[in-house]
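The sequence shown finishes on residue 204 if you use our numbering, and the numbering steps up by one all the way, no holes.
If you're looking for bench data, these hints aren't it; they were derived computationally from the structure.
One or more of the hints may lead you astray.
With a Cα cut of at most 25 Å, we get these calculated SDA-like pairs of lysine to any residue [as the list claims (entries may be wrong)]:
(1) K129 <-> G146
(2) K129 <-> R108
(3) K129 <-> N187
(4) K197 <-> H185
(5) K197 <-> F184
(6) K129 <-> T113
(7) K129 <-> K197
(8) K129 <-> L78
(9) K129 <-> R110
(10) K129 <-> P147
(11) K129 <-> G142
(12) K129 <-> G116
(13) K197 <-> R30
(14) K129 <-> E117
(15) K129 <-> W111
(16) K129 <-> T182
(17) K129 <-> T145
(18) K197 <-> F31
(19) K197 <-> D33
(20) K129 <-> L183
(21) K129 <-> R118
(22) K129 <-> N105
(23) K129 <-> N143
(24) K129 <-> V82
(25) K129 <-> T119
(26) K129 <-> L89
(27) K197 <-> N187
(28) K197 <-> S32
(29) K197 <-> T182
(30) K129 <-> L144
(31) K129 <-> S112
(32) K197 <-> R186
(33) K129 <-> T106
(34) K129 <-> H185
(35) K129 <-> D86
(36) K129 <-> L83
(37) K197 <-> A178
(38) K129 <-> A167
Remember, it's a predicted structure, so these values are computed and weren't measured experimentally.
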Amino acid sequence: MRRGEPAPAPVAAPIRWWRLCPWSRNHLMRFSDRVEATLMLLTATVVLLLIPVAAAFGTATHTQLEHQAHTLRAGVHLVPAVLLADTYLAPDSPEYAIRPVGSQNTARARWSTPGGERTGAVPTDTPGKAGQTITISVDADGNLTGPIPDSRENTVVAFTAAFGLWALTAGTVLLTAALAHTLFHRNRLRRWAHEWKQFDTPPR
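Please construct the entire structure, taking both the sequences and the accompanying hints into account.
The structure is reproduced here in structure tokens:
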């Protein structure tokens with residue numbers, strides 16, 4: 001640019017991107033540049049197409065979790081249990097793992113099953129005293145059951161699974177594209193350096 005001439009107007013980003021597309025008529029673009037542009041375009045397309053795939057995976061996961069929860073609810077029975085002692089704060093141990101989230105009140109209790117009476121540590125919503133009768137959830141054999149995930153928990157799990165699938169696959173695609181871009185860029189710099197060297201060499 002000569003002194004006194006106005007500076008060229010900046011080109012908008014969408015126009016620059018359009019000029020870098022594989023179908024661009026720019027004669028300065030090499031064949032490798034068009035291959036790289038095609039690869040980047042395919043990468044963006046695949047990343048976008050992975051969104052509905054991940055959504056379908058999340059929907060299928062949520063449906064399966066809801067079916068499992070419905071099956072578990074169908075096999076659960078509510079029976080009365082008599083507390084054998086006062087409730088206490090449950091320690092963090094495997095014996096007390098079967099209890100609703102946030103429930104810390106636990107007590108030894110006795111309940112009746114088809115095979116006879118059973119005793120065990122059961123969770124309670126509120127503190128209780130020995131001799132008090134509460135309601136617990138057991139399966140068909142009389143075994144104490146844990147909390148069954150509700151629809152909100154299943155939705156969170158399904159969303160996490162869908163996002164994890166999309167992030168893993170899209171990350172793999174983007175990482176591969178970034179590696180290819182680096183290789184193309186190094187090859188471009190190497191060819192530019194070679195051509196500049198030839199340009200500076202005086203003719204024989």
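Consistency of the hints with the structure:
no., hint, verdict
1, K129 <-> G146, "holds (22 Å)"
2, K129 <-> R108, "holds (11 Å)"
3, K129 <-> N187, "violated (79 Å)"
4, K197 <-> H185, "holds (18 Å)"
5, K197 <-> F184, "holds (20 Å)"
6, K129 <-> T113, "holds (23 Å)"
7, K129 <-> K197, "violated (92 Å)"
8, K129 <-> L78, "holds (20 Å)"
9, K129 <-> R110, "holds (14 Å)"
10, K129 <-> P147, "holds (23 Å)"
11, K129 <-> G142, "holds (23 Å)"
12, K129 <-> G116, "holds (24 Å)"
13, K197 <-> R30, "holds (18 Å)"
14, K129 <-> E117, "holds (20 Å)"
15, K129 <-> W111, "holds (16 Å)"
16, K129 <-> T182, "violated (70 Å)"
17, K129 <-> T145, "holds (22 Å)"
18, K197 <-> F31, "holds (21 Å)"
19, K197 <-> D33, "holds (21 Å)"
20, K129 <-> L183, "violated (73 Å)"
21, K129 <-> R118, "holds (19 Å)"
22, K129 <-> N105, "holds (11 Å)"
23, K129 <-> N143, "holds (23 Å)"
24, K129 <-> V82, "holds (10 Å)"
25, K129 <-> T119, "holds (16 Å)"
26, K129 <-> L89, "holds (13 Å)"
27, K197 <-> N187, "holds (15 Å)"
28, K197 <-> S32, "holds (20 Å)"
29, K197 <-> T182, "holds (23 Å)"
30, K129 <-> L144, "holds (20 Å)"
31, K129 <-> S112, "holds (19 Å)"
32, K197 <-> R186, "holds (17 Å)"
33, K129 <-> T106, "holds (11 Å)"
34, K129 <-> H185, "violated (75 Å)"
35, K129 <-> D86, "holds (4 Å)"
36, K129 <-> L83, "holds (7 Å)"
37, K197 <-> A178, "violated (29 Å)"
38, K129 <-> A167, "violated (51 Å)"
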